[in-house]
Amino acid sequence: MKTVVRTAKPYEKEALRLAREVEAAGERRPLRFWKVMRQNRGIIDRISPYGPSEDGLDRKNPVVAALGDSVTAGHFEYTGNREELFRKVDAGLLEEQDALEITDARECYLEKFRLKLIEKYQQTSVSTINSGIAGDSICGMQKRLYRDVIRYQPDLILINGSLNWGEEQGDTEDYRRVLVQVVKALKEETKGDIVLMTPNMVLPSSFDNKRSALEERVEVIRGMAESEEVCLADTYKVWEAYQAAGYPLKELLSNELNHPTVTGHEMYAVVLMQLMEERRVSL
Numbered sequence: 030m031k032t033v034v035r036t037a038k039p040y041e042k043e044a045l046r047l048a049r050e051v052e053a054a055g056e057r058r059p060l061r062f063w064k065v066m067r068q069n070r071g072i073i074d075r076i077s078p079y080g081p082s083e084d085g086l087d088r089k090n091p092v093v094a095a096l097g098d099s100v101t102a103g104h105f106e107y108t109g110n111r112e113e114l115f116r117k118v119d120a121g122l123l124e125e126q127d128a129l130e131i132t133d134a135r136e137c138y139l140e141k142f143r144l145k146l147i148e149k150y151q152q153t154s155v156s157t158i159n160s161g162i163a164g165d166s167i168c169g170m171q172k173r174l175y176r177d178v179i180r181y182q183p184d185l186i187l188i189n190g191s192l193n194w195g196e197e198q199g200d201t202e203d204y205r206r207v208l209v210q211v212v213k214a215l216k217e218e219t220k221g222d223i224v225l226m227t228p229n230m231v232l233p234s235s236f237d238n239k240r241s242a243l244e245e246r247v248e249v250i251r252g253m254a255e256s257e258e259v260c261l262a263d264t265y266k267v268w269e270a271y272q273a274a275g276y277p278l279k280e281l282l283s284n285e286l287n288h289p290t291v292t293g294h295e296m297y298a299v300v301l302m303q304l305m306e307e308r309r310v311s312l
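Positions 30 to 312 (the working numbering) are the ones given, in order, by the sequence shown.
Worth flagging that the hints you see were computed from the coordinates, not collected in a lab.
These numbers come from a predicted model, not from an experiment.
Accuracy of the hints is not assured; some may be wrong.
[As the list claims (entries may be wrong)] Ranges between beta-carbon positions, derived for each pair:
id	residue 1	residue 2	range
1	Lys216	Pro39	16 to 24 Å
2	Glu244	Ala214	37 to 45 Å
3	Val34	Arg116	20 to 28 Å
4	Gly85	Phe115	51 to 59 Å
5	Gly275	Ala134	38 to 46 Å
6	Lys216	Phe115	23 to 31 Å
7	Asp127	Lys89	18 to 26 Å
8	Gly85	Glu112	53 to 61 Å
9	Glu50	Lys89	33 to 41 Å
10	Glu285	Leu86	47 to 55 Å
11	Glu306	Glu258	13 to 21 Å
12	Ala128	Arg240	45 to 53 Å
13	Tyr79	Lys42	26 to 34 Å
For each residue, glycine too, the CB sits at the ideal point set by N, CA and C.
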């Protein structure tokens, strides 16, 4: 299904301008991934200027894996009345043909990022693995870490898992504890560069955790990128600039709650591409 909700043109223009101008990438760059994107061009050693890879085999095509929730999975607006849909869920009446939300993988940030990588590295075929599952938290992501990420041995790993954190899961320190375990496991069991991503902003809802504000989890992510010496894609920083300029958040949310519009996904992709550039002067 295709998403049809669009950000109004004036707000789209300003949101994308901010995504381009705000320095939202951290200090570190995914240097190993840069090298892989430049050298692993999908050709055999005999006709490559770079020779075989470390394992002595022909160089494999680069792989990007994204661990996340509904935003990573590419979920957008609800397919009908939200209250009615959730009543069916609660009553166990949601049937196979019922879709709770529109899923449009063509418009998700991971696909947009892949296309931008192809534009930058035109001789390289890069594959993506979308390990986003709607409704999942970093706890669920930790449980499926091997199945959905590690076994693929990706060259770049994106972690975008901070929106879903209910009171039953704990406070901000509990979130920090699980996130660091995920990062450490990926550092131990893969060679890929790791990117911690801050999320898009959301509007208040009954799902909010009174023991852990999203802003607190954003600060955890920012601090952990520094302490664990991994890359940071701070999309939340762009949304903060958008909000500070007085623009309405609702215009960037397809479900009027927490799923970004196509423009919001483009903002994510633009910030991720900042990691593929030499560090810029902060504006």
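Structure-based check of all given hints:
Between Lys216 and Pro39 the C-beta distance comes to about 43 Å, which lies outside the given range of 16 to 24 Å. Here the CB-CB span from Glu244 to Ala214 is close to 26 Å, at odds with the stated 37 to 45 Å. Distance hint check for Val34 and Arg116: the Cβ-Cβ separation is about 22 Å, which falls inside the suggested range of 20 to 28 Å. Hint check: Gly85 to Phe115, Cβ distance near 54 Å, so the stated range 51 to 59 Å holds.
The supplied range of 38 to 46 Å is broken by Gly275 and Ala134, whose beta-carbon atoms lie about 33 Å from each other. At about 38 Å, the CB distance of Lys216 to Phe115 disagrees with the hint of 23 to 31 Å. At roughly 40 Å, the beta carbons of Asp127 and Lys89 sit outside the given window of 18 to 26 Å. Roughly 59 Å separates the CB atoms of Gly85 and Glu112, a value that falls within the hinted 53 to 61 Å.
Range check, Glu50 to Lys89: about 36 Å between beta-carbon atoms, so the 33 to 41 Å window is met. Look at Glu285 against Leu86: about 49 Å separates their beta carbons, and that is inside 47 to 55 Å. In this structure the supplied range 13 to 21 Å holds for Glu306 paired with Glu258, their Cβ-Cβ distance being about 20 Å. Checked against the hint of 45 to 53 Å, the C-beta distance between Ala128 and Arg240 comes to roughly 32 Å, which is inconsistent with it.
Distance hint check: the CB atoms of Tyr79 and Lys42 are about 41 Å apart, inconsistent with the given range 26 to 34 Å.
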